[in-house]
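Peer 1: Given chain A's structure and the hints, the job is docking chain B onto it.
Below are the chains, spelled out letter by letter.
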Amino acid sequence: MNKKQRMFFRMVAASLVRRRSRMIVALLAIVVGATILSGLGMIYYDVPRQMSAQFRSYGANIILTPDNENGIEENTLKAAVAAFDKEQLQGYTPYRYENSKIHNMPVTLAATDFQSVLKTSPYWHITGSLPAAEGEALIGAKTAESLGLSLGDTAAAVNSFTVTDTTDISGIPDYEIVTDPETGEQYCDHELELKITGILETGGSEEDYIYIHSADMNSLLLRERGYDVVEVSVAAMQKELKGYTEAISRQVKGVSAKLVKRVTASESTVLTKLESLVLIVTLVVLALTMICVATTMTAVIAERRKEIGLRKALGALNSSIVAEFLSEGLVLGGVGGILGSVLGYYFADIVSMNVFSSGITLRPLLIPITILASVLVTGAACLIPIRSAVDVDPALVLKGE
Amino acid sequence: MFFRMIRGTFVRQWKKMLMIALTVALGASIATAMLNVMLDVGDKINEELKTYGSNITVVPQSQAVMNKLYDVEEGDAGEEYIAEEKLGELMTIFWANNITDFAPVTDTTVTLNGEEVSLSGTWFDHHLEFVKKGTTYQRDTGIINLRSWWDIHDGNWLDEQKPGSEAGAMVGAELAKKQKIAAGDTITVKGEHSTETLKVTGIFESGDEADEGIYTTLPVVQRLTDSQGLFKKAEVSAITSPEDELAIKAARNPSLLSGDEYDLWYCTAYVSSICFQIQEAIPEASAQAVRQIADSEGKILEKTQLLMSLITLMSLLGATLGISNLVTSGVMERSAELALLKAVGATNGQVTRLVLTEVLMTSAVGAAAGYFLGYAFAQIIGQTVFSSSVEMSGMVAFVVAVLIISVTLLGSLPAVRMLLRLRPSEVLHGGH
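As they're listed, the protein sequences go chains A and B. First residue of the first sequence? That's 278 in our numbering, and the numbers climb one at a time after it. First residue of the second sequence? That's 119 in our numbering, and the numbers climb one at a time after it.
Worth flagging that the hints you see were computed from the coordinates, not collected in a lab. Everything hinted at is true.
No farther apart than 25 Å at their CA atoms in a straight line, the calculated lysine-lysine pairs in the PhoX-like style are these:
#1 B:295 / B:308
#2 A:516 / A:530
#3 B:298 / A:535
#4 B:296 / A:519
#5 B:421 / A:516
#6 A:519 / A:550
#7 A:396 / B:421
#8 B:295 / B:317
#9 B:298 / A:538
#10 B:296 / A:538
#11 B:295 / A:538
#12 B:298 / B:308
#13 B:351 / B:250
#14 B:350 / B:250
#15 B:296 / A:530
#16 B:280 / B:317
#17 A:530 / B:295
#18 B:308 / B:350
#19 A:538 / B:417
#20 A:355 / A:530
#21 A:538 / B:351
#22 A:583 / B:133
#23 B:134 / A:589
#24 B:421 / A:550
#25 B:295 / A:519
#26 B:421 / A:538
#27 A:550 / B:417
#28 B:134 / A:583
#29 A:535 / B:296
#30 A:363 / A:530
#31 B:460 / A:583
#32 A:472 / A:378
#33 A:396 / A:363
#34 A:535 / A:355
#35 A:538 / A:396
Just some of the chain B residues that point at chain A, by a computed CB distance under 8 Å:
#36 144
#37 169
#38 175
#39 266
#40 325
For clarity, every value in this text was computed on a predicted model and none was experimentally measured. By construction, the Cβ of each residue, glycine as well, lies at the ideal position given by its N, Cα and C atoms.
One chain only, chain A, in its complex shape:
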């Protein structure tokens, strides 16, 4: 390192150390700018993922239906569900619908998995609680009203078997064969006692059903059958969902997967809007902040006109003055950029925790972008005032005009 270079570094270092208060002002401005850049950037990239999870409150966005009369068997269901990314899969709930009678009124029973039902239908309003043990049921509000059932009541669901039926009715405890006096057909009733533990309100067709455990359904009907429909909730955008449905319909035999268009199409409309909202807000705020940083830098440099004049009077070249000031600015820009990326990450994380109750994903690429942007903005902001300062006659500057 020759003498000239050493002098250069000493001057840059001295200026940063000795003019502490001014440098802190400049650094603070850069750090604020860089924090906003990296913070908003990270929020922008994370919004689609985080919001997509929020949109799952609309419930299932894919339904699986069987290709055949036997329904979707447990093994087929497992194979189909395995096609989804574990991180994206929020939950899946199978349903099997059967007709039955309560108080001689026709009702529809739906067997389901109560462990997962609220994951695919988070909007269910339940008075009471979800059925826990077998023999308990969740009843739709409309059916409850028309049957006159309320919380805690018990009712018997009845299924009639024709005796000539191939079903083995020996599974029914103390059965009694009744002959229809008109048709001469022989049948016997099988009853299932259900205790109402919850009443379901949704404002939709779910209110017409009675939800029970799969095991209860099997014992009432004396036979097992696959599911009629499986609701799946996946946190992904429409395009990806489409890929899943195609893959499942193609790869898994006995199942066809369909998008719930009402949910997926609407979600992508709204999500696109939200994304562009955050993007344009980020751009506007960033542009304004960067100009703000630039004005601050300009002001900090401009006040050093006297120093520049003095140096020129002592014989310094314009180019060496520009180089010195510029490297000062670049050092500030770099340090500010690094501090800002770290602060921005923490800020984005706080926002994400508060809004979505989950941390933000770190985008490593944003760190070099933030540092580069702050160095560029600081550099550009320094150049303008230095240029005008070095062009001035030192005598005039030193005189104070």
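Peer 2: Using the frame of chain A, we list chain B on its own:
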């Protein structure tokens, strides 16, 4: 003398003052734009969420109640209906402006080429006129906006206002595939009370069970089911406020609310209060929230608003730091000039007053310019994202004014403290 000095500062140091004004303007414009967007984002997103379709259904009072009231034998009560003309009442309720669309739907089963299919009669883009107490209410409404997720594969939406469109129909994609029906075809459906010939205007894909059915105009289904002037249920899409404790309390039983609470609830666009008002207007109907839509709307809205407010807070923080930063450095660099003033006998109070007046005047100019710049930015955001303007709130102007004044004063504080400690001889000698 005081004013002459201030004027002197602005004339001779206009560049520095301009820089401060510019930074203040930028900060103020960030604050203005973000606050306005934040306050309006709820309404905007709410409108977007209408693409999910109706959030309220109106059905006749439940059959169970009718049975109990009139002691009708089970099964003989038949289908229940509401009079079609009553729907006009929806335009007269307190929150009528929040109701974006509504349509009656009557569905029935008909035979088409030997197969039983579901047929729904509804309004597509119906022109509705309703006269009540001498006032004429009118609007175009129907399911076109309530089924925004439908893909029209072939043909077009049924245009109800075109003459001769009454016997039009739209066929679901699955059914069309099965029965090889295309737009422009004529189909004959046989119902319980009549047989109708319909012209298919379009094939739609809905992604649910509607794909296996047919949609046609309400009069067709009324003839098929012999229910002239009646409908079975109505779908209503309304812009609502997210539910809070009051709404939950009211949902249980509105009559349990205190007078003030009741008024507040009634005059807030909760889904429960809109349902309540619909029932007031159409006593024979029961209006219910579609939980899937209503609940989710509230959640999404809340999250979006929270996200925007935190982003706003971050931008405000950045803007204020930027301003106070520049104000501090702007005052400090004038230490020599101010020390000279002190040396010729100015008191601390005089110097402080001079500095603060100068800075505040500069800020005021900057803030005013910034407010209008922010207005422009808010409109750009509104137009680009939502294709509609962002409503400007008067409160924002006030908040921005207070914010800028306090930030400017706070920013000057360290500088003023330094001024008070300034010893003229040291500064002028160059020892600083």
